[in-house]
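Enquirer: Read off the chains here:
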Amino acid sequence: MLEGFNTSGSIIAEHIGFALEMNLWLSIVLFLSVVGPMLYLAWKYRADKVKDEDIENVTHHLLLEITWTTIPTIMMFTFFYYGYTSMVTARTMPPANESIIIAVEGKKWSWNHTYPANANGFVHKTAELYAPANKNVILEMTAPLNDVIHSYFVPAFRMKEDVVPGRITKQWFNANEGTYDIECAEYCGTSHAYMLSKINIIPQADYDAWISSQDSKPAAFATGASKGQELFESNGCNGCHSVTDDSILIGPSLMGIAKGKTAQYLKDAIINPNKDIADGFSAMMPATKMSDEDIAEVYSYIATAAVAKGAAIIESNGCMGCHTTDGTPSAGPSFKGMGTLDAGYIKDAILAPNKDIAEGFSPIMPATTMSDDEIAEVTKYLKAL
Amino acid sequence: MSKSYLDAGETHCAIGHPKTVFWQWMLTVDHKRIGIMYAAVMFVFFFIAVFTALAMRIELFAPGSQFLDGDTFNQAFTLHGVLMIFLFIIPGIPAIFGNIVMPLMIGAKDVSFPRLNWFTFWLYIFGCLVALTSLFNFNITEGEILFNFADTGWTFYAPYSLNTGTNVVTTLVAAFILGMASILTGLNFLVTIHRLRAPGMGFFQMPLFVWGIYATAWIQLLATPVVGITLILAVMEKYFGIGIFDPSKGGDPVLFQHLFWIYSHPAVYLMILPAFGIMSEIMPVFSRREIFGYRTIALSSASIAGIGYLVWGHHLFTSGMSDVAKTIFSFLTFFVAIPTGIKFYDWIATMYKGKIILDSPMLWALGTIITFAIGGLTGVTIAMVGSDIHLQDTYYSVAHFHYAILGGVVFLLFAGLHYWFPLVTGKLYNEPKAKVAFYLNFVGINLLWFPMFIAGYLGMPRRYFDYLPEFEIYHQISGIGAVVIISGLLLMFQNFLSSWKSGEASPLNPWNATTLEWYTPSSPPPLENHTKVPYVDFGPYEYHYGQPKVKFDLQTMKRID
Amino acid sequence: MSDHPYVPEIATDREGNEYEVQGWQGDFFGGKLGFWLFMLTEIMMFGAMFMVLTYYFTLHHDDFINASSSLNRTLGGFNTVVLLISALTMGLGLLKMRYGDVKGAKLMIWATILLAIVFLGVKAVEWTAEYNHGVFLGLPALQGGLPESKPFGEIIFFGMYFTMTGLHGFHIIVGIGLMLWLLKRINANQVNREHYILYFNIVLYWDLVHLIWVFVFPYYYMIGAGLSTGGH
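Protein chains in written order, with the numbering used here: chain A, 56 to 440; chain B, 89 to 649; chain C, -17 to 214.
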């Protein structure tokens, strides 16, 4: 079960939940009223128990017919009524002055949330939604004009509304603290199944503290990620581009492009993405507005993302005590240039370093325990030097 | 032994008098032969679509990507939908049994426009071929064939269908051609039913299957042109970029949804009404008594067809339509539920004080009462606007649709296949095998789709090729159900084919039925059906102590009771 | 199909009363009914397009008026008159056939064909003029998002204009084909004073074709009549 699904997370969920439950029980009654008599009659009048003379052609029974017309009719309009009232709850937006209005943009294949500017005029943008508990939140949703229809679906809140290019659709919630899933419910292509995000409902005080800051995420969610990474993720770039390895998601991998391309190239690619398409890919990337400083942050993130983990591992294992990265030999040979060595050699050199010593160095390196994943990261780091 | 319509040379042809059996089939205008050819083609596409679905179920057996990537999966469900909807279900029962049985039931020699019927069949085949060409990109210079089927889903929603690089245009054109074939079939049947009923047979002496076909034909005639032109506008849009549905040029993508569902919602009644007709044939025959509430059933078909035009908006409850419109569409939708419910009670009342023969057609019919009740009632859930906000575009809708269409339309089509198999082939099928096949199908459908109601309620969206791990168990039960139901389908068709080849010969009226199609001088019937057209001054389901009341001398078609 | 003359079958009830059975052969009313039903589908098809048009007319009122004012009302009006006269000649031909005047009927069909060709010619002149003004399907002016694009309402207007008049023109061409076929059948004496269902239905078809134009003309040409004198 999805997180928070059963907690009546929002006012809408309570109303729609009630409508669904009432519908379930009445439907079971109606189902039994059809299938029960059917099974009973099929058993009662089974062929080997009925003599031909006992068959009767009953073709009308006014009272019965009136009964089985009116009672289901009444039930149907009970359903209609509760369907209507729960819709009214879900679709009547609370007054704007008592609500937080958050703009949502759905694009292939990510969700972006833009918050009202804080006192300093700073506007937060996030991929996951952060909102205060027990407060009305109105979502004003749209999609880029050249994009397709999406649908913003929060199962735990029982709410969903299509996100249509060129239109603004709205929905609202008022929820308890917790984390809830967002899914795209209107088919939108290749990564439709991965157009996921989360709603984080946090205490009002935490929310206020965050919104008045310039932090990219509320304190409890801070990952220590660089600003560039935050931007990369909150703009949904990671939906289509990998940076930490060379796998192709939708668009080309950005690993290592900082080597050959300038920040200016990246800027062009973000602002006018379809001008110059990499071979074998189609023009589908939506344009994104970003300041020059932000682009510089993203650029430095892309430049370092692939190797950041490896660098951290090397750092924490104290390798830099004996090895350099600039080519000058120290107690051991420099890491620079080791990228040409094959992965098996590097693994051996870490786990059993003194088996095969580089010429001119002494066997002084201690063996280090590292998982295969860590070794892979280190290898990647070395290759990028 | 007189000759039957299946014997060589026993056919009228559209052009000339061909000598070879092959050309006699290709050019035949005989309604029975055309019906059989429709069935043959349709079941081939049906099984292609079934195995496409199986591939998707295998892919979904575990989270993550197994052997399909996202794009291929999207093409797979589009292929499944397009084949099932446009090539199989929509034309299905009218084209197969409407052709084979309906003229026999009203005592006609053929449909009103036999040559048009022949043309329509080949138009249908042409549409199928166009649909098949859209599977691939043919790169002649490179000698390559690339799989490039549309990936839009069978609904072709704009603007997705306008932006995607796959073969949407040919798929749209195929759907348009198939739509034309559907219109012409409906037109032919309407005129046939109005003009060619045997003397004395008024509308209320017609068998209820004919009523179902009649109501269906009106939908085919009046709703199909709307989707036809919508598809053409989408093609114009794609070629010339006039922007009718394209928001980047100022158009309104939701307009496409409206136009699409103006047809496609009545289309689901177009699928179910003839199926209800089959149910109305089987219930009295296997209860050996007159049907309960003949007029109510007949008129409820007509009213479902009528109301069906006014409810398309319930597909758009979360599309950004105004709340007033949602309320109206929801209100109207409940009016469809009422006549449908009444029909069900009428069928069950037909069993009262009858003699229930549990042969396989009846088993299928009773099984359908259960599965369609589930399909129908879950449809009521999503007719409630509030509930639909939560359930729209989830597995709940998927399960509802399959319970209603597979568990309603296709199950009744299978019931009809069993019921009319002796009439069409002159052979009896293997009854124990048929029963096993039924139980496999019945267990299979519930295993396959019932878990989806739960998964959908818990928030599993449709058209996902990968999913959150919370939903794994539901997908796995579904996967097992898929294997069960497919083994049932294979067994059923194996039974049909082997019985046709080497089954026992069928007596003239194996089920003790009362409707005219069983009163032909031979089994299977001769070329021009009844030896003479009977005069009809009796109701369609007249039984007396479990035996058909009306008896004919089959050579003169004079009543001898 | 049987080449023998069709003799209706007789059904007998229990009292021995006889009833003529209606076969599919020679069913005049069935043929008529079938064709009327076909006409209904045409109405649904064009009706759906008029609905789309009305929807966008309410959204982009001024664009529609502007675009309409640039159509050539003189040529459009001339074509309307041509089609109306052709409907008259077509109908007169059927009357003549029913009175046994085969020659007169054929003359009327030829007149109708001629008028239909005149209609198509005028239409071609109009379309060419529009093409030369850069207004045609697929040209930049009718593509959204380019510097030379027209406003969206005008794009929709012209897009639907070319789609609908094109589809209507297609119906005219089919009509000409049908009339030529009809002439062949008359010459073969398969359509004559007694058996004229084919003739009847083609007349019906032609009536629908001109009727659709009667709606197309005001909707496209006349709504902008108040704005300017029009004409390319």
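It is worth saying that the hints were derived from the structure and are not from the lab.
Don't take every hint at face value.
[Stated by the list, open to error] Covered stretches of chain A (chain B as the covering partner; in silico rule of three or more C-beta atoms under 8 Å from a C-beta of chain B):
| hint | region |
| --- | --- |
| 1 | 129 to 135 |
| 2 | 362 to 374 |
| 3 | 381 to 394 |
[Unchecked claim] Derived lysine-lysine pairs resembling DSSO-like cross-links, with alpha carbons at most 30 Å apart:
| hint | chain 1 | residue 1 | chain 2 | residue 2 |
| --- | --- | --- | --- | --- |
| 4 | B | K637 | A | K99 |
| 5 | A | K106 | B | K523 |
| 6 | A | K104 | B | K326 |
| 7 | A | K314 | A | K190 |
| 8 | B | K523 | A | K99 |
| 9 | A | K106 | B | K326 |
| 10 | A | K344 | B | K326 |
[As the list claims (entries may be wrong)] Some residues of chain A that are not near chain B, with every Cβ distance over 10 Å (derived):
| hint | residue |
| --- | --- |
| 11 | P150 |
| 12 | F276 |
| 13 | K330 |
All residues carry an ideal CB built from backbone N, CA and C; glycine is no exception.
Enquirer: Flag every earlier hint the structure violates by its number, smallest first.
Expert: 2, 3, 6, 7, 9
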